[in-house]
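So the protein lines, in turn, are chains A and B.
Using the numbering used here, the letters of the first sequence correspond one by one to residues 1 to 361.
Using the numbering used here, the letters of the second sequence correspond one by one to residues 1 to 259.
Any given hint might turn out to be false.
[As the list claims (entries may be wrong)] Pairs of lysine-lysine residues, derived as DSBU-like cross-links and limited to a Cα-Cα distance of at most 30 Å, are as follows:
| no. | chain 1 | residue 1 | chain 2 | residue 2 |
| --- | --- | --- | --- | --- |
| 1 | B | LYS8 | A | LYS197 |
| 2 | B | LYS8 | A | LYS333 |
| 3 | B | LYS49 | B | LYS18 |
| 4 | A | LYS197 | B | LYS18 |
| 5 | A | LYS209 | B | LYS8 |
| 6 | B | LYS210 | A | LYS209 |
| 7 | B | LYS228 | A | LYS209 |
| 8 | A | LYS209 | B | LYS23 |
| 9 | A | LYS297 | A | LYS249 |
| 10 | A | LYS209 | B | LYS49 |
| 11 | B | LYS18 | A | LYS209 |
[Claimed, not checked] Per the computed footprint, the stretches of chain A lying under chain B, defined by three or more beta-carbons under 8 Å from a beta-carbon of chain B, are:
| no. | stretch |
| --- | --- |
| 12 | 53–60 |
| 13 | 308–322 |
[What the hints assert, rightly or not] Some chain A residues flagged as far from chain B (calculated, every beta-carbon gap over 10 Å):
| no. | residue |
| --- | --- |
| 14 | LYS44 |
| 15 | SER145 |
| 16 | ASP193 |
Everything labelled a hint here was simulated from the structure, so no lab data went into it.
Ideal Cβ placement from N, Cα and C applies to all residues, glycine included.
One-letter residues, chain by chain:
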Amino acid sequence: MGELKLMKGNEALAEAIIRAGTDGYFGYPITPQSEVLEYLMANKPWEKTGMVVLQAESEVASINMLYGGGGTGKKVVTSSSSPGISLMQEGLSYIAGAEIPILIINVVRGGPGLGDIQPSQSDYFQATKGGGHGDYRLIVLAPSSVQEMADFVPVAYDLAFKYRNPVMILSDGAIGQMMEKVEFFEPIPRLTDEEVKARYPWATNGKPKNGERRILTSLDLDPQRLEDHNHHLQEKYREITEKEVRFEKLECDDADYVLVAYGTSARVSLKAMKLLREKGHKVGLLRPITLWPFPTKEIQNMVDRGVKGFLSVEMSAGQMVEDIRLAVNGKVKVEYYGRLGGMIHSPEEVVDALEHKIIGG
Amino acid sequence: MTLKDIIKPENLVYQKTKLMTDKPLSYCPGCGHGTTHRLIMEVIEELGKENVTVGVAPVGCSVLAYEFMNVDMQEAAHGRAPALATAIKRLWPDNVVFTYQGDGDLAAIGTAETIHACNRGEQIVIIFINNGIYGMTGGQMAPTTLEGMKTSTSPYGRDLSLMGHPLKITELVAQLPGTYYVTRQAVHTPSAVRKAKRAIKKAFQNQIDKAPGLSFVEVVSNCNSGWKMTPVDANNWMEENMFPFYPIGDIKVDGQLVK
Numbered sequence: 001m002g003e004l005k006l007m008k009g010n011e012a013l014a015e016a017i018i019r020a021g022t023d024g025y026f027g028y029p030i031t032p033q034s035e036v037l038e039y040l041m042a043n044k045p046w047e048k049t050g051m052v053v054l055q056a057e058s059e060v061a062s063i064n065m066l067y068g069g070g071g072t073g074k075k076v077v078t079s080s081s082s083p084g085i086s087l088m089q090e091g092l093s094y095i096a097g098a099e100i101p102i103l104i105i106n107v108v109r110g111g112p113g114l115g116d117i118q119p120s121q122s123d124y125f126q127a128t129k130g131g132g133h134g135d136y137r138l139i140v141l142a143p144s145s146v147q148e149m150a151d152f153v154p155v156a157y158d159l160a161f162k163y164r165n166p167v168m169i170l171s172d173g174a175i176g177q178m179m180e181k182v183e184f185f186e187p188i189p190r191l192t193d194e195e196v197k198a199r200y201p202w203a204t205n206g207k208p209k210n211g212e213r214r215i216l217t218s219l220d221l222d223p224q225r226l227e228d229h230n231h232h233l234q235e236k237y238r239e240i241t242e243k244e245v246r247f248e249k250l251e252c253d254d255a256d257y258v259l260v261a262y263g264t265s266a267r268v269s270l271k272a273m274k275l276l277r278e279k280g281h282k283v284g285l286l287r288p289i290t291l292w293p294f295p296t297k298e299i300q301n302m303v304d305r306g307v308k309g310f311l312s313v314e315m316s317a318g319q320m321v322e323d324i325r326l327a328v329n330g331k332v333k334v335e336y337y338g339r340l341g342g343m344i345h346s347p348e349e350v351v352d353a354l355e356h357k358i359i360g361g
Numbered sequence: 001m002t003l004k005d006i007i008k009p010e011n012l013v014y015q016k017t018k019l020m021t022d023k024p025l026s027y028c029p030g031c032g033h034g035t036t037h038r039l040i041m042e043v044i045e046e047l048g049k050e051n052v053t054v055g056v057a058p059v060g061c062s063v064l065a066y067e068f069m070n071v072d073m074q075e076a077a078h079g080r081a082p083a084l085a086t087a088i089k090r091l092w093p094d095n096v097v098f099t100y101q102g103d104g105d106l107a108a109i110g111t112a113e114t115i116h117a118c119n120r121g122e123q124i125v126i127i128f129i130n131n132g133i134y135g136m137t138g139g140q141m142a143p144t145t146l147e148g149m150k151t152s153t154s155p156y157g158r159d160l161s162l163m164g165h166p167l168k169i170t171e172l173v174a175q176l177p178g179t180y181y182v183t184r185q186a187v188h189t190p191s192a193v194r195k196a197k198r199a200i201k202k203a204f205q206n207q208i209d210k211a212p213g214l215s216f217v218e219v220v221s222n223c224n225s226g227w228k229m230t231p232v233d234a235n236n237w238m239e240e241n242m243f244p245f246y247p248i249g250d251i252k253v254d255g256q257l258v259k
């Protein structure tokens, strides 16, 4: 077992960014995730690993720095919170269109608009349904602990480069700000320029001698070719949907009812599940780790196995519940319980919701 | 001397740079984009940097620049090229990185990216084509549209009280300590082309020499389609109207204001 540290979620994320062999962080401060940039600046990774850290003039600039940097085949990341992520949607659409691997972290706060700085999950639609213009998807990973804030960084990079697709870590203000123990993975060395060129022949870092120039663009004025490109993207998304679904199941094997929750909601739901079990209800917890691709098949399997109802527990106004309903397809009851605007539900509220909306409803 | 003598290799004095592709340019006849493209590519070739150069061209008439420039290129969103170029250069400091931007791109939607890349002193080259109009989208008013100039969105002429003033963004960035070389050129005559080429070469040489700051080359250009003039009339109009407001010449050299 490695060294255990007590850290804030945002700090663990920043440390993981350095250890994951990141070449460049480009970001802009916004609460509740400013500790990421603060940690990076304080730790001077440019002296240790050569990693570039730059405070951009805006979120618009930082996502476009990722577009440029990711386009050269380097590992690049930004972090922000909800209003900042909204500003990045233009860039994300271009990055998805041009198939550039990047990592983007959203430590969600309450919205809409300026909202507040409390934890929320109200960016679920934006994260999982595309967010910007055009038909595209992000791979979305949802940590529910400080440990996962660290662990998901190298996983996200692997997925980004495997599929040449932007990957989002969708956290929230509670996990970003809470302190927990965390054990770090061994540092992954940054690739050398030669390794980058050998591994990523598509990247624009100076055309090879005796080779063709590389072009990265999301433009194709010929609608037939653009349709072909879209079909290629959709094929890639289908492959991701088949191969990359991740989730955690707790006490689901004998469950009559299943709570579905991610991130901070999952932590609360875990306690609620225990309380419900103590009251004699057979309740399990399904925690999606990838929000896109969503564990649709697992939910279908649960229905086939005899689960009688699902409760989506979210800090949003019933966003994830739509994906559960699509999976269940009307066969059993699916309800939603959540708090809004940066409020976190108590386990007792979840217990009450399951008893009244699902069991007694 | 017969034609056969003339085309003998020993008589060759000039040819198309191999860094321009063979694809026919999509620009309107008489437009300055083609000439400026060629100058940049000639300079890259002469400096021997074709295998380390990365260009960024965003939205506008030059959106297809990557079709013509035979180097690695990325196409950016409207106005964001300096942000892409910033990261490319920071992550590959030995690469030669340039952006190629029009006036709507650089001086309107991308003003923040322009100002901040200049102010940070990014070691990149920005080539700025200023024709005072939005060419690609059909001739709407640009930030650099002159007072009184008619466009499709200023059909009675740019009225300063309604539409604000034409923006001299090049003079503005010259004031920033992060810019090292700022110049305004044109490509409408052979002598202007030669001067513009010297300026572009100086800009790229600054980057290769790791000069402390950004090199910014404005090219005042025509848009005969948008201005609704013949190419010859457009060039004459440019000399009479654009050059007095956007005077040709160096503004900042080696980090010192000269104008």
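Point to revise | Violations among the numbered hints | key: Checked against the structure, the hints that fail are numbers 1, 2, 7, 13 and 16, while the rest are satisfied.
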